[in-house]
Amino acid sequence: MIGVIAKREATALFRTPLAWSLLAMVQFVLAYQFLAQIETYLKFEDKLRTMPEAPGVTEVVVTPILGIAAMLLLFFVPILTMASISGERRNGTLPLLLSSPVTSRQIVLGKFFGIGSLLFVLWLTVALMPLTLMWGAPIDIGAYLSGLLAFACLCASYAAVGLMFSTLFTQPAVGAVMTFGLLSFLWLVDWATRLGEQAGLLTYLSSLNHFQQMSSGLLNSADFVYFAALCFSALAIAIWRLDGDRKPL
Amino acid sequence: MPDAPLLSAQKLTRYYHGRKVLHGIDLELRRGEVLGFLGPNGAGKSTTMNILSGNLAAHSGQVVICGHDLVRSPLLAKRHIGYLPEIPPLYIETTVDEYLIFCARLRGLSSGESKLALEKAKHDCELTEVGGRLIGNLSKGFRQRVGIAQALLHSPAVVILDEPTNGLDPNQIRAVRATINALAERHAVILSSHVLSEVQALCTRVAILHHGRIEFNETVEQQLDGMRVQLLNIDSEPIWERLDGVTNATALGGGNYRVVVDDYEKAADAVCNFAKQKGWKLRELRRDTSPLETLFVDLTCNDTSATP
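The listed protein sequences derive, respectively, from chains X and C.
The working numbering applies: residue 108 is where the first sequence begins, and numbers increase by one.
The working numbering applies: residue -7 is where the second sequence begins, and numbers increase by one.
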């Protein structure tokens, strides 16, 4: 049943110009930045050769590209998820799902995987771009893969947060603003500590911190736990909210 | 169990922002019954239908569909529900075929069963020619029919239709009525409508809802023929049931009565004779040409007469 709902959600997303325009814009920005990074690398290539522990092409080109892609997700995901439940509520199609023999969990997970399928396409396009470097330069496959893993974690947890706000608010725009607000807060929350060296809770809360750790090639279970916790708690709240109207008070 | 009700609702109540909008709704529906749900706007019709279809929880009370409690085992109960809300729940970016297949799969039909159900529903609702078109490009009448097709697709035991003929032209209304009539043989149908003649033509039973209470719940035949009587100078309440041809009567105040009859000629004679015999003045006696409308207005328009 989750598959049925996910398939419809994905079809609906890919039928709108929204998905394609977002994919195209992300590609455009990344490609531009990609070329700029290559340019930078070529400029300093000779200098880098003389340094003993110089960063390779992966550190100079691939990791920054993933960083930019991650930042674009902050803008991209709220727009993608904002109408997934609230749009159904507004268009009056939610009763179809609610009067069918499906649970709220199946509805939320179906939506999640539907959005996930579009994000997977985005992930693929992001993953393919650095591979073109392999014609001319050696890539650190380990760093490349862990960067992609970090990006996938980010996609999943952001989609979950967006979905949560889409169930909490009736107006899609409000859901988008709240999603963007929370995600950018989590992104930047440890800036306060960067000045004062006081690591701890704020550093742990920062998604940028976990993302950078992972994409630099350091696979740490704490980072996985962070993204998994964000993902599951957001989905749990979404399910709880969707059940709200149907469960006796 | 041929006689067990397909749907039974008991003592449903619901509050909105602290205001009680449903005051203990009781309903029972058996196979072959078509219940017409009437009431002024805001009486609680849509709220009741939302509760019966599992979209909204009642604050108290119970809904049982085909023996399954809607709250305790919603998945089993909802397999037997087909629901058309006031706004048809359509995805405008999908084609009619895709949409109906999705609905069928959502109701737990296999992919093969879905295809059969799709063909049958399209045939029943006259949608065969528009199967490949986007729902967003269809006219209102076609959209309404897609909404109805969606509710009948999985051949549910209980079909709940909120204003099914809304927005249709007269020919389409006739077609939808024929569909509902055909349905009634094997299913139980609840439909709400503002068109009283439609309810009279389609329904076997009428429930009138007013201020969140069911004020009237009877079979249609019992109410089909009636008359209005005004008696003056009466010294005791007449015992209407004893009169020839009279089924029952309701006092409306001021000596006015709404009398339900099974034989108008007999009943009119009996009332005249009875009044003469008692020495009462018969001020008015007229046949009700549209008894359902009279009933509706009596129950919902004039509050003092509705709650004696």
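Hints are computed from structural coordinates only; laboratory data are not their basis.
A few of these clues could be false.
Unchecked claim - Pairwise CB distance ranges (calculated):
id	chain 1	residue 1	chain 2	residue 2	range
1	C	V289	X	G351	25 to 31 Å
2	C	L67	X	A343	19 to 25 Å
3	X	T210	C	I84	36 to 42 Å
4	X	A343	C	R23	23 to 29 Å
As the list claims (entries may be wrong) - If you only want the chain C side, here are some residues facing chain X, beta carbon under 7 Å, derived:
id	residue
5	G34
6	G100
7	G104
8	R178
Said to hold, decoys possible - Quick list of in silico lysine-lysine cross-link-like pairs, DSBU-like style, CA-CA up to 35 Å:
id	chain 1	residue 1	chain 2	residue 2
9	X	K354	C	K132
10	C	K270	X	K354
11	C	K273	C	K258
12	C	K268	C	K258
13	X	K150	X	K354
14	X	K354	C	K268
15	X	K114	C	K3
16	C	K270	C	K258
17	C	K270	X	K114
18	C	K112	C	K132
19	C	K107	C	K132
20	C	K3	X	K354
21	X	K114	C	K273
Idealized CB from N, CA, C, for every residue including glycine.
Verification of the supplied hints:
no. : hint                        : result
1   : C:V289 x X:G351: 25 to 31 Å : violated, 39 Å
2   : C:L67 x X:A343: 19 to 25 Å  : holds, 20 Å
3   : X:T210 x C:I84: 36 to 42 Å  : violated, 26 Å
4   : X:A343 x C:R23: 23 to 29 Å  : violated, 41 Å
5   : G34                         : violated, 18 Å
6   : G100                        : holds, 6 Å
7   : G104                        : violated, 15 Å
8   : R178                        : violated, 20 Å
9   : X:K354 x C:K132             : holds, 34 Å
10  : C:K270 x X:K354             : violated, 60 Å
11  : C:K273 x C:K258             : holds, 19 Å
12  : C:K268 x C:K258             : holds, 16 Å
13  : X:K150 x X:K354             : violated, 64 Å
14  : X:K354 x C:K268             : violated, 61 Å
15  : X:K114 x C:K3               : violated, 40 Å
16  : C:K270 x C:K258             : holds, 18 Å
17  : C:K270 x X:K114             : violated, 77 Å
18  : C:K112 x C:K132             : holds, 21 Å
19  : C:K107 x C:K132             : holds, 25 Å
20  : C:K3 x X:K354               : holds, 17 Å
21  : X:K114 x C:K273             : violated, 74 Å
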